[in-house]
Amino acid sequence: MPERPDLEYVVPILARELVGLRVVGAAARKPVVLRCAIAEVRGEIFSVRRQTHAVVFGMGAHDLVILPMLAGRFELASEAAKDPGDTAARFLLSDGRVLRYRDDVQMGKVWWTTPGAAIAGLEVGGVDVLGPEFTRERFRLLAKGRRDQAKVFLKDKSALDAMGNAYADEVLFAAGIHPKRLVSRLSPADLDRLHDSIVAVLRNARETIAARSPPLSEKVRDFLHVRGRKDQPCDRCGTTLRVAGIHGHDAFFCPTCQPDVDGRGFVDWRRVGGGEGG
1 MPERPDLEYV
11 VPILARELVG
21 LRVVGAAARK
31 PVVLRCAIAE
41 VRGEIFSVRR
51 QTHAVVFGMG
61 AHDLVILPML
71 AGRFELASEA
81 AKDPGDTAAR
91 FLLSDGRVLR
101 YRDDVQMGKV
111 WWTTPGAAIA
121 GLEVGGVDVL
131 GPEFTRERFR
141 LLAKGRRDQA
151 KVFLKDKSAL
161 DAMGNAYADE
171 VLFAAGIHPK
181 RLVSRLSPAD
191 LDRLHDSIVA
201 VLRNARETIA
211 ARSPPLSEKV
221 RDFLHVRGRK
231 DQPCDRCGTT
241 LRVAGIHGHD
251 AFFCPTCQPD
261 VDGRGFVDWR
271 RVGGGEGG
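With the numbering used here as the guide, the letters of the sequence shown map in order to residues 1 to 278.
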């Protein structure tokens, strides 16, 4: 999924290119992504903004909301150019170009809705983790009373705006905290380290992506330390990286740098030769 650092690169480009133009036609190539009648999407684009992990195109009386999910991406092209096979939806613009939403696994979602309408999973409410209000003290208050695992907490967008699978893994690695560690067992020092890692990891990712200046449709992840690197050596200590299952999602981690210090019965991958778990 495009996460916050990806969208903070993509959204300003879309705003620069699209604000002031009109959508004069729309069609779906992969209707499974639709949560609306796409033929109704028309009008001037007044703004483009990020809302958690979605992109919201403000169009006056309506918002066009696109949640890329796992593999969604955007692309601007000439109307005459042939659509790639993974084009899920296309929006014809008044300057003769087309905004494509591409999604080769068709997990994304497209809504045409009134501004402020509730969309499950996209509610705004979490503290901006790159804003001045995200202090160590505020983070400790957010963690107080949590009974879930560290990775689950980091991904809770009602608490924190916003992290997904990839950057939650990177933050936990930077902080040296096992993804299954219970938040209630984290010490004040652990929480401060986790807070600082959130800010540092997301800022570094944002700066790295901006410096690379990739095409809109390209997701840059080759600088990550653990995500997507199962069975490869840890950059820090050389231990083989592992994957754990958490609530139906995977979590990449280093069993040495992120030990299960609570000994809650999870597999100790430092003592075995391979496989998944944690």
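Treat each hint with caution, since some may be false.
[To be verified] Simulated crosslink set (BS3-like; lysine-lysine; CA at most 27 Å straight-line):
1) K144 <-> K155
2) K144 <-> K157
3) K219 <-> K30
4) K155 <-> K82
5) K219 <-> K144
Simulated from the structure, these hints should not be mistaken for laboratory data.
Here is how each hint holds up against the structure:
1. With a C-alpha separation of about 16 Å, the suggested pairing of K144 with K155 holds against the 27 Å cut-off.
2. A threshold of 27 Å between alpha carbons decides the hint, and for K144 with K157 the separation of about 16 Å falls inside it, so the pair holds.
3. In summary, the hint linking K219 to K30 is supported, as the alpha carbons are separated by about 21 Å, within the 27 Å threshold.
4. At most 27 Å may separate the alpha-carbon atoms for a hinted pair to count; K155 and K82 exceed this at roughly 37 Å.
5. Between K219 and K144 the alpha-carbon distance is near 35 Å, which puts this suggested pair outside the 27 Å criterion.
Checked against the numbered hints given earlier, the structure breaks hints 4 and 5 and satisfies all the rest.
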